[in-house]
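Participant: Read off the chains here:
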Amino acid sequence: GNSVTQMEGPVTLSEEAFLTINCTYTATGYPSLFWYVQYPGEGLQLLLKATKADDKGSNKGFEATYRKETTSFHLEKGSVQVSDSAVYFCALRGTNAGKSTFGDGTTLTVKP
Amino acid sequence: GAGVSQTPSNKVTEKGKYVELRCDPISGHTALYWYRQSLGQGPEFLIYFQGTGAADDSGLPNDRFFAVRPEGSVSTLKIQRTERGDSAVYLCASSLKGASGSYTDTQYFGPGTRLTVL
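Residue numbers (the working numbering), protein chains in the order written: chain A, 272 to 383; chain B, 89 to 206.
Hints in this document: simulated from the structure, not taken from any laboratory.
Remember, predicted model here, so these are calculated numbers, not experimental data.
Keep in mind that a hint or two might mislead.
Partner residues are not named here, just some residues of chain B that face chain A (Cβ under 10 Å, in silico) [stated by the list, open to error]:
#1 90
#2 91
#3 121
#4 125
#5 128
#6 129
#7 132
#8 138
#9 198
BS3-like mimics (lysine-lysine), calculated; alpha carbons at most 25 Å apart, straight line [stated by the list, open to error]:
#10 A:382 - A:331
#11 A:323 - B:185
#12 B:166 - B:103
#13 B:105 - B:166
#14 B:99 - B:166
#15 A:327 - B:185
Don't be surprised by glycine CBs; every beta carbon is placed ideally from N, CA and C.
Make the full structure from the sequences, and use the hints.
Facilitator: If you want it as structure tokens, here you go:
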């Protein structure tokens, strides 16, 4: 079945540091890939997505590129802010499947 | 517009009791999903509705769990004979289409219901 493996956290960075959160997946066919974010006390929100190989999703300064050859979808941001502190989830949806499969989440804390 | 809403936000119950959790999706969304999120883990799929019918219920852990969506809008997740292991946050999401071939459409999540079984 489908699965998603995320870089274990927690991750602590200083403001303006570079962020990478690794995500690899296992799936048959050509899934769509997503990053969700959960800010403290809030619900899960879609951050970005990519629907086919070599697509780059981007939003709020975050980027992730769908790499089929390495089955990866790593999240990056060039300069993090304190307000980026949250839990980040990588997820996939397989073809012909309504459901999403999530990783276990990575907690990011950004210190001023 | 209004997002996905879930009630109650918190539910505390005793082992062995019956509970119902409600989800009100975004108006016009035909697809509705239930997930369960345990502490420190990502959401785990339970069931997915396309309209009134359950298109995929492969994630329901056992026959104590049941969900309905009688009019294709509001959904209720029902848990019988609750156990302490059922304690988790239950998330509902909806999307506009969700049908086969539309797996790129965005799922919008509700705030969740935190269930605690004592």
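Participant: Indicate, hint by hint, whether the structure satisfies it.
Facilitator: Results of checking the hints against the structure:
no.	hint	verdict
1	90	13 Å, violated
2	91	8 Å, holds
3	121	6 Å, holds
4	125	8 Å, holds
5	128	7 Å, holds
6	129	5 Å, holds
7	132	7 Å, holds
8	138	7 Å, holds
9	198	6 Å, holds
10	A:382 - A:331	19 Å, holds
11	A:323 - B:185	19 Å, holds
12	B:166 - B:103	15 Å, holds
13	B:105 - B:166	11 Å, holds
14	B:99 - B:166	13 Å, holds
15	A:327 - B:185	23 Å, holds
Hint violations for this structure: number 1 only, all remaining hints satisfied.
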